[in-house]
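Student: Protein chains in written order, with the working numbering: chain A, 8 to 265; chain B, 8 to 265; chain C, 8 to 265; chain D, 8 to 265; chain E, 8 to 265; chain F, 8 to 265.
Hints in this document: simulated from the structure, not taken from any laboratory.
Be a bit skeptical, because a hint or two may be false.
Claimed, not checked - Below, simulated DSSO-like cross-link-like pairs (lysine-lysine); rule was C-alpha separation at most 27 Å, straight line:
1. A:K189 with B:K91
2. C:K91 with C:K189
3. D:K189 with E:K163
4. C:K189 with D:K189
5. A:K92 with D:K189
6. B:K189 with B:K227
7. A:K189 with A:K229
8. F:K92 with A:K163
9. C:K163 with E:K163
6 protein chains.
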Amino acid sequence: MYHHIKKLMYTVHVNQPDPRFGNMLLEQFGGANGELAAAMQYSIQGINCEDTVCKDLLMDIGTEELSHLEIIGTLARMHLKPMKKSADAAEHDPLVAIAGGGGVTLCNSMGAAWTADYLKITGELDVDLRSNIAAEARAKIVYERLINFCDDSGTKDALQFLMTREITHLRAFMQALEMVSKNPLSIGLIPPTPRIVDQWYNDSTGEGDNGEIDADGPWKSKKGITVVESPALQEFQVLKATPKGSETTVVSTEKTQK
Amino acid sequence: MYHHIKKLMYTVHVNQPDPRFGNMLLEQFGGANGELAAAMQYSIQGINCEDTVCKDLLMDIGTEELSHLEIIGTLARMHLKPMKKSADAAEHDPLVAIAGGGGVTLCNSMGAAWTADYLKITGELDVDLRSNIAAEARAKIVYERLINFCDDSGTKDALQFLMTREITHLRAFMQALEMVSKNPLSIGLIPPTPRIVDQWYNDSTGEGDNGEIDADGPWKSKKGITVVESPALQEFQVLKATPKGSETTVVSTEKTQK
Amino acid sequence: MYHHIKKLMYTVHVNQPDPRFGNMLLEQFGGANGELAAAMQYSIQGINCEDTVCKDLLMDIGTEELSHLEIIGTLARMHLKPMKKSADAAEHDPLVAIAGGGGVTLCNSMGAAWTADYLKITGELDVDLRSNIAAEARAKIVYERLINFCDDSGTKDALQFLMTREITHLRAFMQALEMVSKNPLSIGLIPPTPRIVDQWYNDSTGEGDNGEIDADGPWKSKKGITVVESPALQEFQVLKATPKGSETTVVSTEKTQK
Amino acid sequence: MYHHIKKLMYTVHVNQPDPRFGNMLLEQFGGANGELAAAMQYSIQGINCEDTVCKDLLMDIGTEELSHLEIIGTLARMHLKPMKKSADAAEHDPLVAIAGGGGVTLCNSMGAAWTADYLKITGELDVDLRSNIAAEARAKIVYERLINFCDDSGTKDALQFLMTREITHLRAFMQALEMVSKNPLSIGLIPPTPRIVDQWYNDSTGEGDNGEIDADGPWKSKKGITVVESPALQEFQVLKATPKGSETTVVSTEKTQK
Amino acid sequence: MYHHIKKLMYTVHVNQPDPRFGNMLLEQFGGANGELAAAMQYSIQGINCEDTVCKDLLMDIGTEELSHLEIIGTLARMHLKPMKKSADAAEHDPLVAIAGGGGVTLCNSMGAAWTADYLKITGELDVDLRSNIAAEARAKIVYERLINFCDDSGTKDALQFLMTREITHLRAFMQALEMVSKNPLSIGLIPPTPRIVDQWYNDSTGEGDNGEIDADGPWKSKKGITVVESPALQEFQVLKATPKGSETTVVSTEKTQK
Amino acid sequence: MYHHIKKLMYTVHVNQPDPRFGNMLLEQFGGANGELAAAMQYSIQGINCEDTVCKDLLMDIGTEELSHLEIIGTLARMHLKPMKKSADAAEHDPLVAIAGGGGVTLCNSMGAAWTADYLKITGELDVDLRSNIAAEARAKIVYERLINFCDDSGTKDALQFLMTREITHLRAFMQALEMVSKNPLSIGLIPPTPRIVDQWYNDSTGEGDNGEIDADGPWKSKKGITVVESPALQEFQVLKATPKGSETTVVSTEKTQK
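Bound-form chain A, shown alone (with noise of 0.2 Å):
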């Protein structure tokens, strides 16, 4: 059950209202990495979540994102408001200044929809713990980008809140997975299969126009790696299903590293 108290979770003060700006803030408002997302994505895995310490942190975070969701949209409707009026504001985002009437509505700064289609949510916790993860740093980036674009000093305040609020989710999910996920490489309860999950296919090669190249990252050169060169262009043929039960054998120009 939810409750609303009026006051904002951060005052948010608008000197010089900017539509051009207002626009950019909407990424936030109705945007794939934006506030409803993060809001929906935490809520709906808390009320899938069957362990209760993380349910609470989901349930915590999603609530806080709702309040986040408020401020942001409060600040857009500040710098929105001057499209009702103006021609030239109005240029920016016509879909705001002609259907919205200078208000805000669920869309990014090019006018699309939110869409669930931004949701992660796969009812298993640790994958959705790491999905979690990745959309607070996606948030924190955005806020940064949106941050350096500002002129008006209340309007960066704010937006520092709500930077350094995706800060501590990320820390709390990444402690979370620590918690419930003892091997970060283990996904669910099917086991990989051994000698094929050690492969590197060298997919990509030769040099490109730009400095492109063929590089040696400690995913190809770690031990026990085995390296198959260009495998589509050795036909793959060592690689054709085995009969079950046998081993699947690879023979081709590959090296195992030492």
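Given the structure of chain A, go ahead and fit chains B, C, D, E and F onto it with the hints provided.
Tutor: Positioned in the frame of chain A, the structure of chains B, C, D, E and F alone reads:
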């Protein structure tokens, strides 16, 4: 530049086509966590990437996912083919039967068209790698569920191969993240506001009918954390915007962990 | 600012989970007339609203709808849970089974992701209230249909509670509209063109095979109405743009009601 | 069956094509509250409708909206045509310029493709009429805003004609609703639960920074209403499901209006 | 300007309503290749068209497709009506049953809302005609599949009528294309680069497990064609941008057909 | 199976990045007629295809389009990069600037996410080839328009290369259609109804204000065609369903061409 070799990366054998299962398989062909989503997310991040080592990683995996898309498409095609003729089969997915003639299309198991809204691409390398780790974890668990619903041994073998590779990729993205980001809590360049980042807002409280509790995870109890109890109910008055330069002070019923 | 209490607004009891019905319930969770649509439509209108009394109304109801979203989500989760294990159950919604692990997501009963395209938000208070009256009427009838398809008494009780509240909201929005709009036919500030507003264009004529007729409702027969018979067939010549300032004259086969 | 006459329902004159304004006009061509949405909503309700008088009404208006779609499309086409040649013009809508060659497409002013998600069709006549009343009110206000942003007198005349007709339709739908529904609070057949329908949940309380207050509208103060103060904070315990047959009792701090 | 006559263009008789088949029929009502898509594609191309003869063609067919939309909608409505009452029927399309009360909506057979993304409108007459030829061919084959899945003779008759008309339209669009485009390979005004247009890139090679081969169609073997074998593997070095004015030279393992 | 070579199929040089033009380029990256749409349409048709010669064709071109996607993405990335830093640049596409950090995403020039709704895949080879011919014609004209709006000679060269290849593909698909379909009017197996296929319904009549006329194309005047004048206005009575087996007779004001 791409080249295509007609042999599949993993040869598929289907003993008994099962349109109901073919329909489920579409989740990994045109679904939110499927192979096209993976191929596009990594390849496009690769186009944007300016770190040559990680760019190679992104193109290696992005290309491998295209080969996976081909495997899962071929497999689904084999299972869905009877839909063209049988009305009973057609009921499982009238879109495939009527509009597709028993062939695959870029839809998920409920007929929703694939959309780039599924993708997470930010143009910030370490953030993108977190999104990729989460994406691989999701793909792994979806393959596991498909295996659990699958009766055909040839199909199961192919799914096991594909599932295994997701773990290979998960590991590689984790290694890459370690390589490019020294501090997993540091995203972008603007630091979070010191005191606010250490506050925990206990926004969801009380007890529920099915054992829901106000739990005490490490995010609340770790040293240095200040718990703000039910901030909405205190009307959050102390967090009002303060004059620029001064510090935000929190004076309410909060308790700092020691 | 929001606060969440773990107890549901209406405690739900499910005697016998029914995945088929759980799938139908999603219509009110992530569907076009469901609880998220209601919560978002009213809360965002509330952010835009500059009338303090109606702003309070919008936030009261918007918040209650969030609590309803939680009820319907919890209920659907209980009914959908068997999908994780049973292939028969999974057929009712492979998306929930395979991608969601038997948990809820923001989709409707056919797996379409929730979209803000469902919302009607114009930034004009009296217009928004009309959209809300219609939205509550739609939600009421959808709950009634769900009750009619429901076999489980605990589920029925919860749906009856939710359905009842829609009528409470419907009445409140009607009272608010009466309060802010003295003339229900007056929208905005620009008046309609006098004679044209009283014309009825009889654009659909003749008789159909199933009893369709060219009927005579009050919109045609009320005093003052001028019926223009089959305007397309008269080529509408008399309605051509006339010199600015002069009056549009209609001379054709029309008949003014007396 | 439809017939098309090449003369427009309202002859349009454009003195000075203005691509910026042509782009705004698309809101009424392919936008959420535009003419296609109106034409489709009413015509499809008409196909479903089993009341012959209202079926005729729905087909009359649905057909007129098709003629409006043609007017607004022709008008937008005239304003957008320069986009084909001028890069400056093209910036207002690169989609129209590059993909459409300066012609109209079924998109809104921000390039979002028209979707049937905009429609409200329930198959329940009185509910559909409420949705139509709201739709006409929205269309009216959008036309008013377009007129306010318009500099071209010929375009303004056409918009005034179209805006006027929405009021004609609004009135007709209101008359039809009165005709089919004796009690505006009665939707469907299942009655609401008596005491619960008269409760007001005061879910949003306190004061905000911009004059937001916990106001006292008729929905709270009318005789017979029971106000439940901040139900979430009282944990709503008294509304728990009660044994079938018994009455729900509310005992907390609520106050019934007299 | 449009006029509607209540008689259908083809009278429909349904002996035995079949909700399962009604659901399939939606593919031609609100589906990607359905009648609304056809009506909108041609009518909007007609609005954009500046060739008076083809404009008439586009409006003739666009209007006929509206009459087809009405037929298929009426037919689907008859088959779907039992969904309102029967839970067994409702399972075939819970969206129609729960949200639509057994009435039609603009969705396809899997409940996906119709979208203007289905349309192909470029503002270039000869290109649009090619899109229309393809659209008619798709509509024809979809009707054929519906007929093959249909048990009801009255329904079959109507589908046969509709299918027949698509062939009429296909022929007309082909005649129109012949009329406006003398050279079917010439699109627009900028000519293709001479030598490059005659190269064939053999980008997919080898043999597959199910008889896939590197075949030899006329596109490779016709006189004047230069086959570039596996260009990616040769790293396409010779196609690098050359100094403006000079000619691109291809020197690798290619072979020009004689 | 795919392999990726780091060298682009056409080396791109950008002298002066132009974010406004970079935004337009996205039309061919993530737009409706862009390279991903082409790559996916052909490759998935290829997976479904059972004719080995055409399957090879579809995979050859599908793979080449992937290489084109890479070229256009690299080109757009170069033009969009300044968006990360410059507010003026960012206004052309705030989504790319704020959410994408100046990198490309799978959106069109108006920020709409790519969707598989753009694709035309029917599982019927000759129908798919018609869709592909139309798709290539659309891609050609879009490239031509981009070239016309482009100031940078290096970018122009790349676009000319890509545009040229579309003509190569157009020709190949036409050759393939000729190969598989002897009669261009014959689609599928069920023949059209003889007399009805030769009727022309003159559904759009009269004269418009801008020279629109009821024209006389070959589709009306060719020998054997029966023109049915304004069928709706004659209420189409003669086309009513007739007893099975009997012939449909048309007796009205129609005129058969001789």
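Student: Could you check the structure against the hints above and give me the numbers of any it violates, in ascending order?
Tutor: 1, 2, 3, 5 and 9
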